[in-house]
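Participant: Top line first, the protein sequences correspond to chains D and A. Residue numbers are given in the working numbering: position 245 of the first sequence equals residue 245, and the series is strictly consecutive. Residue numbers are given in the working numbering: position 200 of the second sequence equals residue 200, and the series is strictly consecutive.
Careful, some of the hints might be misleading.
Claimed, not checked - Quick partial rundown of chain D residues pointing at chain A, CB under 10 Å, derived from the structure:
(1) VAL17
(2) THR255
(3) ASP258
To be verified - Listed below are the simulated DSSO-like cross-link pairs for lysine-lysine, each with C-alpha atoms no more than 30 Å apart in a straight line:
(4) LYS244(D) to LYS9(D)
(5) LYS244(D) to LYS89(A)
(6) LYS269(D) to LYS89(A)
(7) LYS269(D) to LYS244(D)
(8) LYS89(A) to LYS130(D)
Hints are computed from structural coordinates only; laboratory data are not their basis. Just so it is clear, the structure is predicted and the values come from calculations on it, not from any experiment. All residues carry an ideal CB built from backbone N, CA and C; glycine is no exception.
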Amino acid sequence: MSAREHALKYWYPVAMVNELASGQTRETVLLETPLQLEATADGNLNASAHKQSLSVQNAFDHWWVTLSDNPYPLFKVPEAAETDRRFVPCGVVRVLCSPLRAVENFLDIAHFPFVHTDVLGAEPHTEVYKYDVKIDDTHDEVIASNIRFYQPQAAKSAEGGIETQYIYRVPAPMVAVLYKTCPQREDAMDVIALFVQPVDEETCDVWPWMALYDDTSSMADLIQFQQFIFLQDRTILENQLPRKLPIDPGLEIPTRADLTSVSYRRWLKKRGAYYGALEGR
Amino acid sequence: MTSHPVGLSGNLAPRQVMRATINQFDIAVWRSESGIISAWDNRCPHRGMRLSHGFVRGESLACAYHGWHYNCEGFCHYIPAHPELTPPKTVRPVIYSVIERHGLIWINPTAEARAHELPDNLIPLRTLTFECDENTALHAMSSTAQHAGESFEPGDTLSESPRIITVNTPAIANGIIIAFHQCAPHNVIAHVLVQNTLSSAAQIDVSRWLESVRRHAEANVSEYL
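All chains, full assembly: derive it from the sequences and hints.
Facilitator: Next comes the structure, spelled out in structure tokens:
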């Protein structure tokens, strides 16, 4: 099976549910395939490729599309059913990099003091303490846990620096879900996810989505905070060479802090998820 | 490969980093606080980030992504995520040969860098980037002079690759030396050196004349491509 054939079997975000008015149309590209989208009067979305109608579903405030007749099921985020959370689709950012590089950067904490200086990290608090990574057998997901990191402003709702706890899930090759300490509630974690739409192997549209406990910040401020953070990441992502993700050891040198990244690359390789990956060294 | 003049020494101050390209080679050039210049493959060995986006601290270049610190020999000596760790000697970008002479930075990505010999009585004036190729830029020099009703005398070709020429514009200055560096098919930079006896006013005139040449060269791109 080719890299693209493997990638075809997943669901991908192509629009936010609330952004298309009835009758509105849009064109986009998924896995090098031009798509036509049209919002219908009854609140659904028609999606087609080469005049063939595609399967569509509404989840996490986004429209998800697959090009396969027999796709893997869409991953679950149980917190999406918790109605007291604020659900925040953050819009889309085009990034000139492999969709896999976008996911891997989201899984990385060691860059916080340098890329998100004085927000998600700050010197001299640069050390990445030992954490755990495993492959969850039930759902075949990468899970990284017991991550803690000092953050000057962990979220829009944070007042001053806190040591933040992180848990990451990678439920599909182009999706990462983060659970992090909620500054306003000790008994719950905020959810921040990155949904990546692969345009081609070196171009992606990234749709960040959040499910937060925050009763005070305005929607615009929450979105602005996330976009501010992600645009800092984009500068990195568009300057990594090569643009594809090196999936075999040798071309790049990881350390202990990169355990999530190393596991993610191995997991991609094991499933044959090579779309956006560079093989060999 | 021959050595290429990628920039003026005076434009790379201590603690600064610049990016240079020579054919397929993407290069980070930086100067330490004490003045040591280095030229490396523009890729952090950790996660491939362009090192030209990095920042200089003292005698080290730090990567913009995770702050890995590299000393002037290219060896990584500090990984902020693991402050206690001594990084292995293998964590090192590819190092290129670089020298400075005649106020220019010369790099050779495949062999030892050598400067083309030029007269000693020169001072570097400035660098201009042209959005065109070398030949279009050269052609624009004579046409710009004609347009302004000035005389223009192409002088000697001191080197073919990289192309280094002398030009005379009798109304302004004689013995101007221009060293070209073609970065990409339609992107050439021109380093301008003038006689060290040239007055400040004449130096400004040379600079303005070359800006005028650039306007003509870029306006004429479609004509010569």
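Participant: Hints numbered earlier in the text: which of these fail when held up against the supplied structure?
Facilitator: 1
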